[in-house]
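Going line by line, the protein sequences match chains A and B. With the numbering used here applied, the first sequence covers 1 to 181. With the numbering used here applied, the second sequence covers 1 to 213.
Check before you lean on any hint, since a few could be wrong.
Stated by the list, open to error - List time: in silico PhoX-like cross-link candidates among lysine-lysine, alpha-carbon distance up to 25 Å:
hint	chain 1	residue 1	chain 2	residue 2
1	A	Lys39	A	Lys82
2	A	Lys39	B	Lys2
3	A	Lys40	A	Lys82
4	A	Lys142	A	Lys163
5	B	Lys2	A	Lys142
6	A	Lys82	B	Lys2
7	A	Lys40	B	Lys129
It is worth saying that the hints were derived from the structure and are not from the lab.
Residue-level listing of the chains:
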Amino acid sequence: MDATEARLRQLLIRGLNGESPAYHDFLTELCVHLRAFFKKRLTRLPDEVEDLVQEALLAIHNKRQTYDAGQPLTAWVHAIAKYKLVDLLRRRARHDLLNDPLDEEMDFLSCADSEAAEARRDLARLLDQLPDRQRLPIIHTKLEGLSVAETAQLTGMSASAVKVAVHRGLRALAALIRGDS
Amino acid sequence: MKTSDLVNLLATGDASVDRHPAARRYGLAIGAGVAAATLLMLGLLGVRHDLAEAIFLPMFWVKIAYVASLATASLLAVLRLSRPGQRLDWVPFVFVTPVLLMCILAASVLADAPPPMRLALLLGTTWSKCLPLIAMLSIPILIATLWAMQGLGPTRLRLAGAAAGLLSGAIGALVYSLHCPEMAAPFIAAWYLAGMLIPAAIGALLGRRLLRW
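Could you put the whole structure together from the sequences, leaning on the hints where they help?
Quick look at the structure:
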């Protein structure tokens, strides 16, 4: 438990200092904990688990600058995961008030448990909803793995504009996933 | 979408960040808010005309110190509530201490005063203007503070909104104290805090909607 905390914290801090592989390991390992956390609390909504894992992951990424190195990592991650969980439940409660729940019989066939859970959202379709000036920098730097400088050259934007566009794009993506628009 | 694809997406490229986002955002927000509130105060109210003499009176500085300590305590609360997983711990006591001290001072002033004077000490001559004016001056600061907070990561939205409101109210009161001619401790104890509670209530009400992320 303490060892996990120490290792994850180390990985995040290295990631925040610009070490991408450490950051990758941090996020990968975090998924396992997030999934377990949400599964335990969403026993009646199993289809939501993977969506929520991804939403929390994106939130953690977008809010990574709020992590204070002096603070226990567990407390920080837990607060974000809980916030996203409560947000989902509140959204669903409002949704269920406005919509009649499905009949029990229909419900029986509509929920299937496939082993490899995949979130129901399609990343490509979500990215398509972003404006070009955010979408292209994300595609170049994040999917094609180009550097910020190369992306800047390709898009004719300045390097700092590319960074800002990626940042804003990921925030917009988080809002789309949450279903704000 | 597979979660591992999302991890790849997020981890590709440089994940390094600004190390002091809270200082930068709140510095900007409070700077802009204070500038707007000061312009409002100068334009609509003006500084008190006896300011040059008032700065030699201890009570003027007691008032400033009172409001400034409330602003500091609220800022501590705001900073903690802007980060996921941070607790308030002893911060509420930092806020309550100057309030109690001012109440004790006010009580001793009232006890010393002859009974017919007491109501006048409490109400001053401007009590009915004090609340709305402090609230008005705090509005630009509240807007800026909520903006700064939303970009960080508040998770207890109502409480965070209330703290942002208290901070704006305290800074608004600080600006207002350059205009306000009242110098009696009972007046300050009653009306300044009440004025700050208006933006705090607005912040608490708007927090859940405006601070979501």
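Hey, Lys142 (chain A) versus Lys163 (chain A), does the alpha-carbon distance stay inside 25 Å?
This hinted pair holds, its Cα atoms lying about 11 Å apart.
Check the hint pairing Lys39 (chain A) with Lys2 (chain B) against an upper bound of 25 Å on the C-alpha distance.
17 Å, holds
For the pair supplied as a hint, Lys40 (chain A) and Lys129 (chain B), is the alpha-carbon distance within the 25 Å limit?
55 Å, violated
Holds or violated: Lys82 (chain A) and Lys2 (chain B), Cα atoms, limit 25 Å.
Holds - the C-alpha atoms of Lys2 (chain B) and Lys82 (chain A) are around 22 Å apart, at most 25 Å.
Do the alpha carbons of Lys39 (chain A) and Lys82 (chain A) lie within 25 Å of each other, as the hint requires?
Between Lys39 (chain A) and Lys82 (chain A) the Cα gap is close to 13 Å, so the pair holds against 25 Å.
Restraint check for Lys2 (chain B) with Lys142 (chain A), where alpha carbons must lie at most 25 Å apart:
15 Å, holds
Decide if the proposed pair is consistent with the structure: Lys40 (chain A) and Lys82 (chain A), CA atoms, cutoff 25 Å inclusive.
Status holds; Cα separation ~12 Å.
Checked against the numbered hints above, the structure violates only hint 7.
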